[in-house]
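Add chains X, D and H to chain Z, keeping to what the hints say.
There are 4 protein chains.
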Amino acid sequence: MIPRYSRPEMVAIWSPETKFRIWYEIEAHACDAQADLGVIPRENAAAVWKAKDVEFDVARIDEIEAVTKHDVIAFLTHLAEIIGNDEARFVHQGMTSSDVLDTTFNVQLVRAADILLLGVDRVLAALKTRAHEHKFSVRIGRSHGIHAEPTTMGLTFARFYAEMDRNKARLQAARAEIATGAISGAVGTFANIDPAVEEHVCAKLGLTPEPISTQVIPRDRHAMFFATLGVIASSIENIATEIRHMQRTEVLEAEEFFSKGQKGSSAMPHKRNPVLTENLTGLARLVRMSVIPALENVALWHERDISHSSVERAIGPDTTVTLDFALHRLAGVIENLVLYPETMLANMNKFRGLVMSQRVLLALTQAGVSREDSYRLVQRNAMKVWEEGKDFREELLGDAEVLAALSEAEINEKFDLAYHTKHVDTIFNRVFGA
Amino acid sequence: MIPRYSRPEMVAIWSPETKFRIWYEIEAHACDAQADLGVIPRENAAAVWKAKDVEFDVARIDEIEAVTKHDVIAFLTHLAEIIGNDEARFVHQGMTSSDVLDTTFNVQLVRAADILLLGVDRVLAALKTRAHEHKFSVRIGRSHGIHAEPTTMGLTFARFYAEMDRNKARLQAARAEIATGAISGAVGTFANIDPAVEEHVCAKLGLTPEPISTQVIPRDRHAMFFATLGVIASSIENIATEIRHMQRTEVLEAEEFFSKGQKGSSAMPHKRNPVLTENLTGLARLVRMSVIPALENVALWHERDISHSSVERAIGPDTTVTLDFALHRLAGVIENLVLYPETMLANMNKFRGLVMSQRVLLALTQAGVSREDSYRLVQRNAMKVWEEGKDFREELLGDAEVLAALSEAEINEKFDLAYHTKHVDTIFNRVFGA
Amino acid sequence: MIPRYSRPEMVAIWSPETKFRIWYEIEAHACDAQADLGVIPRENAAAVWKAKDVEFDVARIDEIEAVTKHDVIAFLTHLAEIIGNDEARFVHQGMTSSDVLDTTFNVQLVRAADILLLGVDRVLAALKTRAHEHKFSVRIGRSHGIHAEPTTMGLTFARFYAEMDRNKARLQAARAEIATGAISGAVGTFANIDPAVEEHVCAKLGLTPEPISTQVIPRDRHAMFFATLGVIASSIENIATEIRHMQRTEVLEAEEFFSKGQKGSSAMPHKRNPVLTENLTGLARLVRMSVIPALENVALWHERDISHSSVERAIGPDTTVTLDFALHRLAGVIENLVLYPETMLANMNKFRGLVMSQRVLLALTQAGVSREDSYRLVQRNAMKVWEEGKDFREELLGDAEVLAALSEAEINEKFDLAYHTKHVDTIFNRVFGA
Amino acid sequence: MIPRYSRPEMVAIWSPETKFRIWYEIEAHACDAQADLGVIPRENAAAVWKAKDVEFDVARIDEIEAVTKHDVIAFLTHLAEIIGNDEARFVHQGMTSSDVLDTTFNVQLVRAADILLLGVDRVLAALKTRAHEHKFSVRIGRSHGIHAEPTTMGLTFARFYAEMDRNKARLQAARAEIATGAISGAVGTFANIDPAVEEHVCAKLGLTPEPISTQVIPRDRHAMFFATLGVIASSIENIATEIRHMQRTEVLEAEEFFSKGQKGSSAMPHKRNPVLTENLTGLARLVRMSVIPALENVALWHERDISHSSVERAIGPDTTVTLDFALHRLAGVIENLVLYPETMLANMNKFRGLVMSQRVLLALTQAGVSREDSYRLVQRNAMKVWEEGKDFREELLGDAEVLAALSEAEINEKFDLAYHTKHVDTIFNRVFGA
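Chains as they are written, first to last, in full-length UniProt numbering: chain Z, 1 to 434; chain X, 1 to 434; chain D, 1 to 434; chain H, 1 to 434.
Next comes chain Z alone, as it looks inside the complex (with noise of 0.2 Å):
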């Protein structure tokens, strides 16, 4: 987790305060369960709920850690101490360590799905509304880098919507994978617990049972949550490389805001770097590359290694803290992109429209003259254009074997860009709904 690249929102889930926090109610609701099923007196779960309003001290927990070299432990005799050690007694009996730090896991995990879901829903928003800003912008489309057919700036947009809205849909899956619970003890089997206590410590923090787990969540689940996260990271790295693209000094359809004070480099104004995309290129690498290691997480040996902990504590907080702040940094570029639509019509131009020769080519097809004919006709006033400058219409009218199959009005009609517009409503109420 580097600084610069955090939102306090995200890191505070990752806090020793939060992570006391969450252990402490999952130790209260296990009491009242545990009394509900007579195990323990009714007033020590009760007493427990003391410490409701108490912040744990950190240091002091750390002090008792140093000597009990146990973390869970450490944190209960600093609960009794708050408690009482006598009221304290029955906490946590028949639990396992890990039917603690496991479920606190998932509960940080869907507390962090939450806020990216924030995040995602922000930049759905922006990109949403620069959509509806430049439905018909029209600019070049390209393949490959070169120049193809008209399209619009709306529907790039419009397409980094539709796939930003996939990734809510898998973030919303991802967070459901991750939103389990279990107390079931040391390899899985209840033998010291109730399921009871297990069913109602998740209904309480908004989870499910584990099914069946062993002295672990399993890890497929945890997989499958940061693989999701490696995917919306590309999303990212795509919307991110398309802006870069933009900006770059010979193409200039759009630049990242500059703040008036901002300077890219002290004396040249065209020196305004696409550093913010740039960022979120590294951070969508940065993301990605927790896929392996959760991916090599999920092969615990028998009921459990600890394989698994130090990548996770690691990838836990890293992954979803860069993430997040990758979605709003986005979201920020995207709100405040500025867009040239007279760069995106003059870069259109650049070959004076030889973009529409494939509509000269079929529309001869379909007036009858043969294929290869076409083609040639097109072909010779293609090439004044590419070599001598020309522009590829004034051309076209200039050439009577053209006009021999074409009227004028027809021939100019192939340059109308709202030949290449006329499906953008379709689009838009496929991507947005109608």
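Because the hints were derived from the structure by calculation, they are not lab data. Ideal placement from N, C-alpha and C gives every residue a C-beta, glycine not left out. One should not assume that every hint holds.
With beta-carbon atoms standing in for the labels, derived distance ranges [unchecked claim]: (1) Glu17(X) to Met383(H): 30 to 40 Å; (2) Ala125(Z) to Glu387(D): 26 to 36 Å; (3) Asp62(X) to Pro3(Z): 54 to 64 Å; (4) Phe415(X) to Asp391(H): 27 to 37 Å; (5) Tyr375(H) to Lys168(D): 49 to 59 Å; (6) Thr129(D) to Lys168(Z): 33 to 43 Å; (7) Pro41(D) to Asp114(H): 53 to 63 Å; (8) Asp36(Z) to Glu387(H): 52 to 62 Å; (9) Glu342(H) to Glu9(X): 46 to 56 Å; (10) Lys168(Z) to Asp62(D): 45 to 55 Å.
Listed next, the in silico DSS-like pairs over lysine-lysine satisfying Cα-Cα at most 25 Å (straight line) [said to hold, decoys possible]: (11) Lys350(Z) to Lys390(D); (12) Lys350(D) to Lys350(Z); (13) Lys384(D) to Lys350(D); (14) Lys350(H) to Lys390(X); (15) Lys168(D) to Lys168(H); (16) Lys350(D) to Lys390(Z); (17) Lys350(X) to Lys350(H); (18) Lys350(X) to Lys168(H).
Which stretches of chain Z does chain D cover? Using the computed rule of at least three CB atoms under 8 Å from a CB of chain D, they are [said to hold, decoys possible]: (19) 248-259; (20) 348-360.
Using the frame of chain Z, we list chains X, D and H on its own:
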């Protein structure tokens, strides 16, 4: 794709014959839709279906491609050879090669997903059967490779079932991800073809129209698809790893089936190697390796670049073929796995009751002995087992201080395996339904 | 291995014929060494060489394997068919299948490395030629895709040369990593075979004896090998990316060679797509994807498990074949790359001298103008260029306040491109030698 | 970077204090070189050294950066505060921020490599010691987790030594990869600064001048560096996996050291978990995960984009800190590993001599018994061992048909462990030198 790790059903999906057949269907359905729209003559559309039952001549198409240097044109030329040049002249009108190629790739992936789902079902059926057979075959649960508390072999199978069942749901979601088609032209604007064509073709092929495409179907879909296969592969590794552990000489709770004639070693009967599950471990790595390039494929430049294409030519077939093979190999391993319940018990008893020491400790505490004293009592008897090879229960029954707190019956009860299996039914109901 | 992305020389290394030939050589040399040691009769060793020029019958070996279920035994049986059962009876004595298989795999990798080195050499030669051709073809250097300061096309080629030259050294090191052989028996103790056999066979095959092996040659070697190929692939992506940028419509400083007949688009002469470099970008992903499984192959269980085998059956051929093809495709692209020095200059002048503004700023400061005033002077003239399309030099020459600090000659000197190319020779000497 | 998995020496390399100190040294040495060249006054260069022993005020620099939004400028401003504005005015002249940042990153990586090399040395020393201690501690070699032939514990340590020794050489090569510096200006042309400055600064910092740089040092170097760390991590996983296997309850040939007070479980003395090596397995995954992003960082756009930066801010510290910690944790585990030679022998004898069956088979054949008969004889005695728990040697000695071919002495000789250890000295000489 390695022949020895492939099944013909899946290989067939990726054959040139299958590919051309799908191309043909797309073109033929597109012609129907164009005729419906009045764009092309009905008889031309009808003529295309003359090739319905014709087997395309792959060698001939390759021959044409060697000249035209364009695969789709080569195919269309061959099609014209079959249905007649004149009849074929409206085929592909308004379409772009990518319309055919991308939609075909998704049809192949959908079919691959369907076959994979059958493989998952076979694994699930095997796991379910074995889980019920060994529902109460008690074995020691192990954390960190070290004996912990008793569990049952059935629970082991049941947790793999639950994991694989999640994978089934994930695979169904992944199938939906790539079950889209696009016939939207050079940059996705439908400039030269009506969206109705896309709708018709997709409906006929069992696909959903891609809401918004560029020249290509967006690759976040494929990234999600391959990421999901990577998760499934990791679950296969998980199961394979458990079996490899169980078969190792010192554990020997299970063995891959060895046919009568098969030899692990010419003279050593114990040399039956878990080569299938080791192989599955390697195959899991192979499946997983497609995840990163699939993620890297998402950020194509502008309306498309072709960098994804070579990647998909490799990982499309290789990953689905390998995973398919792995699922069936795994199913076979599970179906035929030879299990040794007596060895499970013998292993559990390696430490002569010591795995029950925590229950005794708890019982002493609950009987009013202080935590420190309880620990001391358990520890001193445990040490005799550990260091002198005594039996834990017998030692306890001969310890006056223990007997002062617990009756003989109470002590014996602590060694009752039923204590550990009492919730197996509950868990099975959660996993397999009541 | 995808046929269209493969070259026959590299494919041949991975053929069954090659594999059996290497097996044969290992067995024959081993017999010689065994005879030298007096372990087997000299005449039996000599007899093995009768098969020296025989082509092994792969179909026959497969046939035998179908019965024996063991590839090495099938080969040995076939060998006995050729040289005689009696003569063959000491072949393979004291050896383990892995001795043959692992040593063979390394021979194949060594040969693959040698072919890859030729590919790297071809790329280097092409880069060197083009670097010298365009040593002083000035083009704008770009950071963040935005114009920065002038550089030369030759420097671009030179830096790719330097990078690829490092890759050559890395590849040589990687070749040394896997240039070892092992004939050390079932667990590497030489219990049944003298180390002298290993030494003799390795010497004959151009390998170093593996200092200590188990049943297999340690896989950290192969991990390093494939990791190195991954780095080389990334350099290919680096060069490919530069070319793709140069070819994009708005930049057009270079183009992949288009043969006379080749068409990017039927009617648009500008539609020449950088499909080769896009393809190289994808191939780079394919090569890189072997790195992770190769790393995962290192931790085999005890003296070996067979999980690495399926991985290597795939990545051995696939990765070397793909990288080999990519190197030659890249070399071809560079050799034939069409460069447009006039467009380079035109692009550089897009902002009419603005890229020189930092030099002017520095000159003003050095002439005694305060930093703030210098900045103000440059900025006000830069803005006229930026907003009104004026020429930067002309504006400066017309600004009295600037002229008060700098003479006309001094101002003109700031626009001298030679200023930026004055160290090109120095750099070339560093890269190519004096 | 996770505090619990980090060592202060390595963490210190990545502190702001260290970073600013290196920045300072680069600037100060550059001033010296500039003075040597006559570009700036000698006294200004000398004045910079006034800050030689000053500790930079990180908080103050952060404060300035909050205003200037530029880290290098903030630092230079702070430096001016220390040495005087006038004295400082030539600092950084002709340089680009990246000159400082990239050279600094490489200095940090070089220092990190040096610390890592110490870690590797400690691991090597530990392995060497344990190898010699247990040179002839016989244990069973296992392929596929199944008993194969005897080997020795010393050979296991020796092979890890050889592997780690290769890693040392790789790490030294990786160190050389990134031991370069660049002071070459905005696009690497030295337009504004003489190459002599780069040479001087690099010499002072123990670096080689980068032969050709752009705005940045080429990232193939860093890719190779991190790929190498990934290989080393995989070797750590390899060793850790062996130890985890050795410690599992059923094998118990070795245990991680447990300090007197340490508890694996409150009451079960056998519950000593190999948590350190499990942790190392996870840490290996964390180190490896930097390989792919480092490879993706190579293809920067043109003369640089900044996408690599965020990646390196994370993986620079995280990967080196984690690997450093892992090396020392591993060294500690090996140094203190508790080994159980008696258990090794007991495990080997689990099948009462059956692991020698192949030697007996070979002896029978060599004694003139046909292959088929030899196999039958061995098999029938082996089966009595396998199925009835008999002792293999005794059975053979009681089998008249066997005795007809082999004398009692000959049979006994087949059970001599010295047969398997006779080349241990040879192998040790290869690994450790004569």
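We went through each hint and held it up to the structure:
1. Glu17(X) to Met383(H): 30 to 40 Å: Violated, since Glu17(X) and Met383(H) (Cβ atoms, about 52 Å apart) do not stay within the stated range.
2. Ala125(Z) to Glu387(D): 26 to 36 Å: holds, 33 Å
3. Asp62(X) to Pro3(Z): 54 to 64 Å: holds, 58 Å
4. Phe415(X) to Asp391(H): 27 to 37 Å: Since the Cβ atoms of Phe415(X) and Asp391(H) sit about 33 Å apart, the hinted range of 27 to 37 Å holds.
5. Tyr375(H) to Lys168(D): 49 to 59 Å: Holds, since Tyr375(H) and Lys168(D) (Cβ atoms, about 53 Å apart) stay within the stated range.
6. Thr129(D) to Lys168(Z): 33 to 43 Å: With Cβ atoms ~52 Å apart, the hint is violated.
7. Pro41(D) to Asp114(H): 53 to 63 Å: Since Pro41(D) and Asp114(H) have Cβ atoms about 57 Å apart, the given range 53 to 63 Å holds.
8. Asp36(Z) to Glu387(H): 52 to 62 Å: The hinted range 52 to 62 Å holds for Asp36(Z) and Glu387(H), with Cβ atoms some 55 Å apart.
9. Glu342(H) to Glu9(X): 46 to 56 Å: holds, 54 Å
10. Lys168(Z) to Asp62(D): 45 to 55 Å: holds, 53 Å
11. Lys350(Z) to Lys390(D): holds, 21 Å
12. Lys350(D) to Lys350(Z): holds, 14 Å
13. Lys384(D) to Lys350(D): holds, 14 Å
14. Lys350(H) to Lys390(X): Given pair Lys350(H), Lys390(X) holds - Cα atoms ~21 Å apart, limit 25 Å.
15. Lys168(D) to Lys168(H): With a Cα-Cα distance of about 21 Å, the restraint between Lys168(D) and Lys168(H) holds, given a limit of 25 Å.
16. Lys350(D) to Lys390(Z): holds, 21 Å
17. Lys350(X) to Lys350(H): holds, 14 Å
18. Lys350(X) to Lys168(H): violated, 42 Å
19. 248-259: This one holds; 4 residues, not fewer than the three required, reach chain D with a Cβ under 8 Å.
20. 348-360: holds (count 7)
Hint compliance for this structure: hints 1, 6 and 18 are broken, all remaining hints hold.
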